[in-house]
Each structure stands twice: as structure tokens, then as C-alpha cells.
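Numbering (my numbering) for the sequence shown: 1 to 278.
In short, the hints are calculated from the structure, not lab data. Where a beta carbon is used, it is the ideal one built from N, C-alpha and C, also for glycine. A few of these clues could be false.
Cross-link-like lysine to aspartate or glutamate pairs, in silico, DMTMM-like; alpha carbons within 20 Å at most [what the hints assert, rightly or not]:
1) 122 / 183
2) 213 / 183
3) 122 / 77
4) 213 / 197
5) 232 / 197
Taking CB as the label site, the calculated pair distances span [unchecked claim]:
6) 236 / 99: 51 to 59 Å
7) 229 / 99: 39 to 47 Å
8) 225 / 150: 30 to 38 Å
9) 61 / 141: 40 to 48 Å
10) 244 / 201: 22 to 30 Å
11) 130 / 102: 35 to 43 Å
12) 192 / 53: 42 to 50 Å
13) 225 / 54: 25 to 33 Å
14) 158 / 211: 18 to 26 Å
15) 163 / 113: 41 to 49 Å
16) 173 / 105: 49 to 57 Å
17) 158 / 246: 14 to 22 Å
18) 141 / 211: 16 to 24 Å
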Amino acid sequence: MTRALALAGDGGFGGFGALGGEAEDVGEREVGLKLWEGKYQFRTEMLPSFVGEAFGRKIFSTGKSLNFIRYSCQDSDWVATREKLSNTGGMLQYSDIVGLERSIDTAYQIASRRLFDIFFEKYGLLQHLRALKQYLLLGHGDFADQLMESLAPNLARPANTLYRHNLTATLETAIRQSSAQYDPPDVLRRLDARMLEYSHGEIGWDVFTLEYKVDAPIDTVIDSEAMIKYLKLFNHLWKIKRIESALSKGWMRIAGGARTFLRLPGTCASARGVPLHG
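Please construct the entire structure, taking both the sequences and the accompanying hints into account.
Given below as C-alpha cells:
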């Protein structure tokens, strides 16, 4: 029974150390962490006397993983996965605790491996993480430079005069004119430019942000809280990038002016050896 409950993957383990959400339909696709964390709760008081808490949590985690694979990931190989799990042990009895633990350990490893493969191979988790690094953490240096250069005139205007479609068009131009154009189309379509909520007197620089959208089930890993942190990091790095750009342009103007000054007749001798920083 214990092994069957762990391998059910359809809410059947709800009566064993777990409680399913009574008002929710398990067959519907869940969003983000709703299924993973909210659908079931581990209940120690429902554990049989021969099952310790650590072992019970492993059974619970295995069953929950299988449920997630089946309903949220729409796993086409679900039947094959179930067959592998069903063959993890022969006929077991409650008195054979060692055999039961071995069977559950194997099932846990198979379910975890399958979940890992689904996230990385089917849904491209690593590609999404790389995109977050390249765009929200400004890893694509030439893209960030191009975007800032193109947006600068608009972002200097009051925030209430900016339009999202103009920001989006500028974003698309920056992608085409930088190495970002070679990224997968699925990554690029998830990028968006938008404005945060603004107050009176704020300008575009204060409210502009980039956004990267992920779908289920990736939003279970990159959830809304993680995305908020990425946006905060982007806004901080974007401000630093703006300061860096302003300092670079200011230095170029000073250096250019100094060179022009040194070319004037009668100034070279007197100015020779004087450092530019005064």
C-alpha cells in the first residue's frame, strides 16, 4: 500500500501523510508554485507507525513529483515512467521495511531524474536562466549599449508621455543591431520593455524596465518572487550602466576639448605637460 501510494501520482497519496486541496481539480494545469507547494500538505499525524517522518516525506515528495510530471508537465512518456516505477520492487510487506525503503528510494531517484530531464530537455530551463543573465543582468554588453543609446532621448522625457509600443519597437531595433539577434526566437519573444508605475514628476529613466516572461511549468522554478528580484537587479544595473555611459561621454568631451585647445597657436608650449585633470 505504501509503495502504491507513492507511485500513484494522481492524488492517491492524499490519504497518506498528505492532504489534497479539496476544492481544486487535480486534472487542471496549475500555475507556478500552486501545485508544487499548495496542492498538498505533509501531515505527520497521518503517518503509519512503521514509517518515520524522514521516510514519509520521501514518499510524499515522490508522489507529488509524479503528480507534477503528469498534470503540469504533460509528460508524453508518463506511461513509460510509471512502468519503470512499478518495476522498482517485487511484492513487499509491511514487515520488510528495508525492502520498502529500497523500493521507495529507487522510485524517488527515477521520479527526480525524470523531473530534471523534463525541465532541462523539454522546457529548456538552462536556456531561460542564460537569457535572464544575458538580458536582465546585462550580460549582452553590446545589446545593453545599443538599447541605452536608442532609448536615451525618450527616457529623458516625462514618464507620462511615453508609450509602451515605442519602447517595444526600440527594443526590437536594439536586438536586430546587436549580437542578441542570434539568440533563439523563443527567447527573444519572451523579452518585453515596459514602464513601472510612476508618480508625478518622474521621467522615463525612473520607470523603464525589461521583462522576461516564462510559462508553466518553468514558472515553478523561476517563480514570481524570483522574477521580482531579477527586475530589481536589472533596475540597479541599468542605473549603473547609465552612469557609466554619462561618465564615458563626459570624458570623451573633455579629452576632445583638450586636444582642440592644444592645437591652438601659442598654447602648445605653455600647456605642454599640464595633465587633463588639472
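For each hint, the structure was consulted:
For the given pair, residue 122 sits about 18 Å from residue 183 by alpha-carbon distance, which is consistent with the 20 Å threshold. For the hint linking residue 213 to residue 183, the alpha-carbon distance of about 15 Å falls within 20 Å, and the restraint holds. Distance hint between residue 122 and residue 77 is fulfilled; the C-alpha atoms sit about 12 Å from each other, no more than 20 Å. Under the criterion of a C-alpha separation no larger than 20 Å, the hint pairing residue 213 with residue 197 is consistent with the structure, at around 18 Å.
Simply put, residue 232 and residue 197 have alpha-carbon atoms about 14 Å apart, close enough for the 20 Å limit, and the pair holds. Our hint of 51 to 59 Å for residue 236 and residue 99 holds, since their Cβ atoms are close to 54 Å apart. The hinted window of 39 to 47 Å between residue 229 and residue 99 holds, with their beta carbons roughly 45 Å apart. Between residue 225 and residue 150 the Cβ separation comes to about 31 Å, which falls inside the hinted range of 30 to 38 Å.
Range check, residue 61 to residue 141: Cβ separation about 41 Å, and the 40 to 48 Å hint holds. The hinted window of 22 to 30 Å between residue 244 and residue 201 holds, with their beta carbons roughly 25 Å apart. In this structure the supplied range 35 to 43 Å holds for residue 130 paired with residue 102, their Cβ-Cβ distance being about 38 Å. For the pair residue 192 and residue 53, the beta carbons lie near 45 Å from each other, so the given range of 42 to 50 Å is met.
At about 28 Å, the beta-carbon gap between residue 225 and residue 54 stays in the expected band of 25 to 33 Å. Against the hinted window of 18 to 26 Å, the Cβ-Cβ separation of residue 158 and residue 211 comes to about 22 Å, which satisfies the hint. Distance hint check for residue 163 and residue 113: the Cβ-Cβ separation is about 48 Å, which falls inside the suggested range of 41 to 49 Å. The hint said 49 to 57 Å for the Cβ distance between residue 173 and residue 105, and at roughly 54 Å that hint holds.
Restraint check, residue 158 to residue 246: a C-beta distance of roughly 20 Å satisfies the suggested window 14 to 22 Å. Checked against the given bound of 16 to 24 Å, the beta carbons of residue 141 and residue 211, roughly 20 Å apart, stay inside it.
Checked against the numbered hints given earlier, the structure satisfies every one of them.
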